[in-house]
Amino acid sequence: MIKFNKMEAVIISERKKSVVTDIILVTIFGLVPLFFFIKWLISSDDVAGSICISVLIIAILFFPIVVISGYIWDVKQKIVLSEAGIKLCYGRNIVDILHGEGSFRIFPDNEIHWNKITGFDISSEERREATEGGGYSTTIRYSLLIKIQNPKVVVYNAQEFKINYSTIRLGKFKEPPNEILGICERFQKSIQNENH
Numbered sequence: 064m065i066k067f068n069k070m071e072a073v074i075i076s077e078r079k080k081s082v083v084t085d086i087i088l089v090t091i092f093g094l095v096p097l098f099f100f101i102k103w104l105i106s107s108d109d110v111a112g113s114i115c116i117s118v119l120i121i122a123i124l125f126f127p128i129v130v131i132s133g134y135i136w137d138v139k140q141k142i143v144l145s146e147a148g149i150k151l152c153y154g155r156n157i158v159d160i161l162h163g164e165g166s167f168r169i170f171p172d173n174e175i176h177w178n179k180i181t182g183f184d185i186s187s188e189e190r191r192e193a194t195e196g197g198g199y200s201t202t203i204r205y206s207l208l209i210k211i212q213n214p215k216v217v218v219y220n221a222q223e224f225k226i227n228y229s230t231i232r233l234g235k236f237k238e239p240p241n242e243i244l245g246i247c248e249r250f251q252k253s254i255q256n257e258n259h
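In this text, residue positions in the sequence shown follow the working numbering: the first is 64, and each later residue adds one.
Rather than coming from a laboratory, the hints here were simulated on the basis of the structure. In this text the structure is predicted, and so the values were computed from the model without any measurement. Mixed in with the good hints there might be a few duds.
[What the hints assert, rightly or not] Under the rule of at most 25 Å between Cα atoms (straight-line distance), these lysine-lysine pairs were calculated in the DSS-like manner:
#1 K252 <-> K141
#2 K79 <-> K102
#3 K179 <-> K252
#4 K79 <-> K235
#5 K179 <-> K141
#6 K210 <-> K139
#7 K80 <-> K179
#8 K139 <-> K80
#9 K139 <-> K79
#10 K150 <-> K235
Can you build the whole structure from these sequences, using the hints too?
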């Protein structure tokens with residue numbers, strides 16, 4: 064169990080990419096075929112063959128370009144817990160961009176003070192996609208919900224409390240979703256105990 068010191072901030076971040084795996088994949092699927100295609104291009108006497116090999120070289124270069132751009136455009140998400148509040152630092156990932164789930168734009172950091180936070184929760188979204196064999200592939204995506212209480216809002220001449228949420232997706236974090244939830248709840252309790 065983590066003990067929190069008075070001024071110590073806790074940073075929960077995404078796990079790092081495997082550089083070794085990416086180097087092996089780029090070598091196998093990018094550099095080796097590229098070497099042979101360039102060799103065939105140099106030894107080819109036929110114009111049509113040279114054009115065909117040139118097109119294949121351009122196609123082969125797509126994979127290394129995607130991998131390298133993944134390092135250029137990759138910005139890690141973070142959750143920063145401090146005495147002032149919680150800060151959600153949104154990131155971006157080339158895989159999410161290619162799948163249409165993200166954009167090149169990074170959302171601004173979201174800072175929420177502890178006096179506005181009423182609690183935390185985990186939401187899960189299950190997605191089923193058909194596979195070739197007739198079955199389904201199921202993926203579950205988790206998000207951390209931060210419940211935020213707004214000031215009283217007048218609705219139909221009655222005062223009601225309206226609860227809003229801030230969220231951050233937890234798919235690529237080092238810690239599992241339940242552990243992140245526990246860290247946030249314990250940190251909030253330690254802040255409340257200090258203030259009372």
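The hints, checked one at a time:
For a cut-off of 25 Å, the pair hint linking K252 to K141 stands: about 21 Å separates their Cα positions. For the given pair, K79 sits about 36 Å from K102 by alpha-carbon distance, which is inconsistent with the 25 Å threshold. Distance check on the hinted pair: K179 and K252 sit about 14 Å apart at the alpha-carbon level, within 25 Å; holds. Using a Cα cut-off of 25 Å, the hinted pair K79 and K235 holds, with the two alpha carbons roughly 9 Å apart.
Annotation: proposed proximity of K179 to K141 holds, straight-line Cα distance about 20 Å (limit 25 Å). The suggested pairing of K210 with K139 holds, with an alpha-carbon distance near 23 Å, which does not exceed 25 Å. At roughly 34 Å between alpha-carbon atoms, K80 and K179 are farther apart than 25 Å, so this suggested pair is violated. Taking the CA atoms of K139 and K80, the gap is about 10 Å. The hint holds against a cut of 25 Å.
Restraint check for K139 and K79: the C-alpha separation of about 8 Å stays at or below 25 Å, so the hint holds. Straight-line distance between C-alpha atoms of K150 and K235 comes to about 17 Å, which keeps the hinted pair within the 25 Å bound.
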